[in-house]
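Can you build the whole structure from these sequences, using the hints too?
Here the protein sequences come in this chain order: C and L.
Read left to right, the first sequence gives residues 1 to 357 (my numbering).
Read left to right, the second sequence gives residues 1 to 357 (my numbering).
You may find that some hints are simply not true.
As the list makes no split between identical chains, a pair holds if one copy fits it or if it spans any two.
Claimed, not checked - As a list, the in silico EDC-like pairs of lysine to aspartate or glutamate whose alpha-carbon atoms are at most 20 Å apart:
1. 285 <-> 311
2. 169 <-> 302
3. 169 <-> 307
4. 198 <-> 116
5. 169 <-> 334
6. 176 <-> 307
7. 162 <-> 95
8. 281 <-> 221
9. 254 <-> 77
10. 166 <-> 334
11. 65 <-> 136
12. 162 <-> 92
13. 169 <-> 338
14. 162 <-> 334
15. 281 <-> 261
16. 283 <-> 261
Keep in mind that the hints were calculated from the coordinates and are not lab data.
2 protein chains.
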Amino acid sequence: MSQLKNDRYLRALQCLPVDYTPVWIMRQAGRYLPEYRQLRLTAGSFMNLCQTPELACEVTLQPLKRFDLDAAIIFSDILTIPDAMGLGLHFETGEGPKFIKPIINVTDIKQLPIPDPEQSLKYVMDAIRLTRKELDGKVPLIGFSGSPWTLATYMIEGGSSKSFTKIKKMMYSNPKALHLLLEKLANSVALYLNAQIKAGAQSIMIFDTWGGVLSHQSYQEFSLYYMQMIISELIRGTKSADMLSYVPVTLFTKGGGLWLEPIRQTGCDAIGVDWTVDLNKIKSKGQIAIQGNLDPSVLYADKSTIESNVEAVLTEYGYHNGHIFNLGHGILQDIPVEHVQHFIHAVHQQSKRFHCD
Amino acid sequence: MSQLKNDRYLRALQCLPVDYTPVWIMRQAGRYLPEYRQLRLTAGSFMNLCQTPELACEVTLQPLKRFDLDAAIIFSDILTIPDAMGLGLHFETGEGPKFIKPIINVTDIKQLPIPDPEQSLKYVMDAIRLTRKELDGKVPLIGFSGSPWTLATYMIEGGSSKSFTKIKKMMYSNPKALHLLLEKLANSVALYLNAQIKAGAQSIMIFDTWGGVLSHQSYQEFSLYYMQMIISELIRGTKSADMLSYVPVTLFTKGGGLWLEPIRQTGCDAIGVDWTVDLNKIKSKGQIAIQGNLDPSVLYADKSTIESNVEAVLTEYGYHNGHIFNLGHGILQDIPVEHVQHFIHAVHQQSKRFHCD
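See below:
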C-alpha cells in the first residue's frame with residue numbers, strides 16, 4: 001500500500017497535534033454533486049451503484065476530486081446488512097428505503113441469518129479494496145455501518161419512520177424479541193466492520209441515526225449496549241508511534257448530546273455530535289476526539305455567513321487537540337457546490353490559529 | 001367563580017408540597033378517545049371544533065369525565081394565531097396542518113397584522129370562559145400557545161416539515177426578516193396569552209415543539225429570546241399565600257434537554273422535558289418545577305410495564321417538590337383508553353410515598 005500523504009484525520013482521531021483541523025462531510029458523495037446525479041441516472045438504481053465496486057469507488061472519489069477533504073468514506077448504504085439478511089432493500093423515488101419483507105414477529109427474527117461479509121456483502125469489501133488502491137494514499141478511507149438499533153428501526157418499521165410505533169411497541173411489549181434481533185445485528189455488524197478493516201478501511205464510523213428517539217434508559221439498554229459490544233469486538237490494532245496501525249472508531253448518535261459520557265465509556269475513539277451541542281461544554285475534549293457539528297443548513301447561506309459559523313464552531317472547540325470538523329448530520333441535497341468549497345476552505349484557513357503549539 | 005377543589009397541579013407548579021404527584025397528558029383531549037372521534041365526525045372540520053366554544057368546551061371536558069386528571073387544557077390548536085393573521089389554516093386528512101397563504105418574503109411579514117385576541121381569536125376566549133364555568137372548580141384550566149419559532153416554522157414551511165429547509169434558509173440568509181416575524185409573533189402571543197388569563201386560564205403552557213431542530217446558538221437567538229419576551233409581558237399576578245392569584249407558566253421545548261439552564265433563566269415557573277432527559281440529573285429540581293417525561297410509547301405496553309416505567313420516572317425525580325407528571329410529548333392516537341386509566345392510577349398510587357412530609 002502507498003504511504004498516507006494526509007494523516008490529519010487519523011491524527012485528530014487520536015487527539016494528536018495537527019497543523020489545521022481536518023474536515024470531511026457526512027454524505028459527501030451524494031446528490032448535491034451534479035456528477036453523482038449523472039452517474040446515478042446511468043447506473044439504473046441506487047442499489048446498483050452500491051453493489052458495483054467500480055461505481056461505488058467512482059462515487060466515493062467524486063468529492064475528493066473537487067474538494068480538499070481530509071478523508072474519504074466508502075460509498076454504500078447503512079442498510080446493506082438487513083438486505084444481506086434477505087429483507088429485500090429497495091428505494092422508491094422520493095420515498096426513502098423500503099423493505100419487501102420487514103420483520104413482523106419473533107419467528108422472523110429467529111430465521112435471520114448472520115451474513116458472511118465476504119459472501120453476501122463482498123461488494124462492499126471489493127469497493128473498499130478498489131478505493132484504497134485508487135486513493136493511492138491521498139487521504140484515509142472510512143468504513144461504516146448503521147448501529148443495531150438504527151438498522152432494527154428500518155427492519156421493523158419497513159422503512160423510514162416518524163413515530164417509530166412498531167419498534168417501540170415491540171420494545172415495551174416484547175423486549176426479549178427485540179434484544180434477540182439487536183444481538184444478531186451486533187454480531188453481524190462486528191463481522192462486517194472487521195471485514196471492512198481487513199479490506200482496507202482505516203477508520204470506522206457507527207451511525208446511530210435514530211438512537212435519539214429513545215428515552216435515556218432505553219438508549220443505554222437498546223442502542224448503546226450493542227454499540228459497545230461491537231466496539232469490544234473490533235480488531236482495531238494497537239496505538240503506537242506508527243499511528244497507521246490503529247483503526248479508530250467514531251460513534252455518532254444523532255440527538256445524543258445528553259449522553260456523551262456514557263458514549264465515551266464504550267471505548268470509542270471519537271464521538272460525533274450534532275449542532276444542538278455546545279462544543280465549549282464538552283468536558284472530555286482532548287481526551288476523546290469530537291466530530292462535528294455545523295448545522296447543515298448553514299451551507300445554504302453566503303460565504304461570509306458560512307465563515308462566521310465555521311469560526312463559531314472552531315472557537316467553541318478551542319485550542320484542544322482532537323477535533324474533526326464535520327456537519328452535524330448529512331449534507332442536504334440542494335446545497336450549491338461552491339458553498340461546500342467555501343466551507344472546506346474556511347475550516348482549513350480559520351483553524352490554523354487553533355493549532356499553533 | 002367556584003372554589004378550586006383540586007389544587008395539586010398549581011401547587012406543584014409553585015414547588016409547594018402535595019399529597020401525590022399531579023398528572024395531566026399533552027393532547028389528553030384527542031383522537032385516542034372514541035367520544036372525541038365521534039364528535040369530530042359530526043363537527044364537520046377540525047377547525048369547526050376549535051372555533052365553536054360549546055364544542056371546544058365539550059372536547060376539553062371529555063378526558064376529565066373518564067380519568068382522574070389533575071388539570072384540564074383548553075381544546076384548541078397551536079396555529080390559531082397564524083390563522084387569525086390571515087394565512088388560512090386548514091387540515092387535509094392524514095396530512096397535518098396546511099396554510100393557504102404561507103409566508104414567502106419580507107413583504108408578507110410586514111403586512112401581517114397583530115390579531116386582537118378578543119376579535120379574531122374571541123372563540124378561544126369564549127371557550128375558556130365557558131369551560132371554566134362548566135369545570136366548576138373541579139381542576140385548574142390550562143391555556144396555551146405555540147412559541148414564536150414554532151409558529152414561524154409552520155408559517156414559512158406552509159405546514160409540517162421534516163427538514164425545515166425554508167425557515168433555515170431565511171434564518172441563515174436573511175435573519176432580519178425572520179426576527180421581524182418572530183417579534184410580531186411574540187407580541188401576538190403575549191396579547192393572546194394575557195387574554196386567555198383574563199378569560200380564566202389558571203396556568204399557561206408555551207409549546208416550543210420545534211425549538212430542538214435549532215443549533216444551541218440559534219435556539220437562544222431565534223426561539224428562547226422570544227419566549228423570554230413573552231414571559232416578561234405576561235400578567236401572572238403575584239405569588240402569595242393565596243396561591244390562586246398567581247398564573248404559572250410552563251415552557252416546553254421538545255428536544256431541549258441540553259438547554260434547561262438557559263430555559264430556567266427566562267423566569268418561567270416550570271420546564272417541560274421529554275424522555276431523553278434523566279430527571280435525576282436536573283440540578284434545579286425543587287427550585288423550578290419540572291413537567292414530564294414518560295415516553296408516550298410506553299402506553300402501548302401492558303399494565304405492569306406501564307407501572308414499572310411510571311415508577312422509574314418517579315424514582316428519578318425523587319423526593320423533591322415540583323414534579324408534574326406528564327408524557328414527554330402528546331399522547332399517540334392509537335393508545336388504548338384503558339391503558340391511560342392504568343397510567344393515571346399508577347402515577348397517583350405510586351407517587352404517594354414520594355410526598356410523605
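For each hint, the structure was consulted:
Proximity of residue 285 to residue 311 under the C-alpha cut-off of 20 Å is restricted to the intra-copy arrangement: shortest distance 18 Å within a copy versus 36 Å between copies. Taking the shortest Cα distances, residue 169 and residue 302 sit within 20 Å of each other only across copies (10 Å), while inside one copy they are farther apart (45 Å). For the identical chains of this complex, residue 169 and residue 307 are inter-copy neighbours only, at 16 Å across copies versus 45 Å inside a copy, given an alpha-carbon limit of 20 Å. Proximity of residue 198 and residue 116 under a CA criterion of 20 Å is satisfied intra-copy only: 14 Å inside one chain copy versus 68 Å between copies.
In this homomeric assembly, residue 169 and residue 334 come within 20 Å of each other (Cα to Cα) only across copies, at 11 Å, whereas the closest approach inside a single copy is 36 Å. In this assembly of identical chains, residue 176 and residue 307 lie within 20 Å of each other by CA distance solely across copies; the values are 19 Å between and 49 Å within a copy. In this homomeric assembly, residue 162 and residue 95 come within 20 Å of each other (Cα to Cα) both inside a single copy, at 13 Å, and across copies, at 13 Å. In the homo-oligomer, the alpha carbons of residue 281 and residue 221 lie at most 20 Å apart only across protomers (18 Å), although the nearest pairing inside one protomer, at 26 Å, exceeds that limit.
In this assembly of identical chains, the alpha carbons of residue 254 and residue 77 lie at most 20 Å apart only when taken from the same copy (17 Å versus 30 Å across copies). With identical chains, the CA atoms of residue 166 and residue 334 are at most 20 Å apart between copies only, with a shortest distance of 12 Å across copies and 32 Å within one. Proximity of residue 65 to residue 136 under the C-alpha cut-off of 20 Å is restricted to the intra-copy arrangement: shortest distance 13 Å within a copy versus 72 Å between copies. Taking the shortest alpha-carbon separations for residue 162 and residue 92, both the intra-copy value of 17 Å and the inter-copy value of 18 Å come in at or below 20 Å.
Taking the shortest Cα distances, residue 169 and residue 338 sit within 20 Å of each other only across copies (16 Å), while inside one copy they are farther apart (45 Å). When the C-alpha separation of residue 162 and residue 334 is checked against a cutoff of 20 Å, the pair qualifies only between copies, where the shortest distance is 15 Å, while the shortest distance within a copy is 22 Å. Within a single copy, residue 281 and residue 261 get their C-alpha atoms as close as 12 Å, and across copies as close as 13 Å, so both meet the 20 Å cut-off. Proximity of residue 283 to residue 261 under the C-alpha cut-off of 20 Å is found in both arrangements, the shortest distances being 9 Å within a copy and 17 Å between copies.
Of the hints listed earlier, there is not a single one the structure fails to meet.
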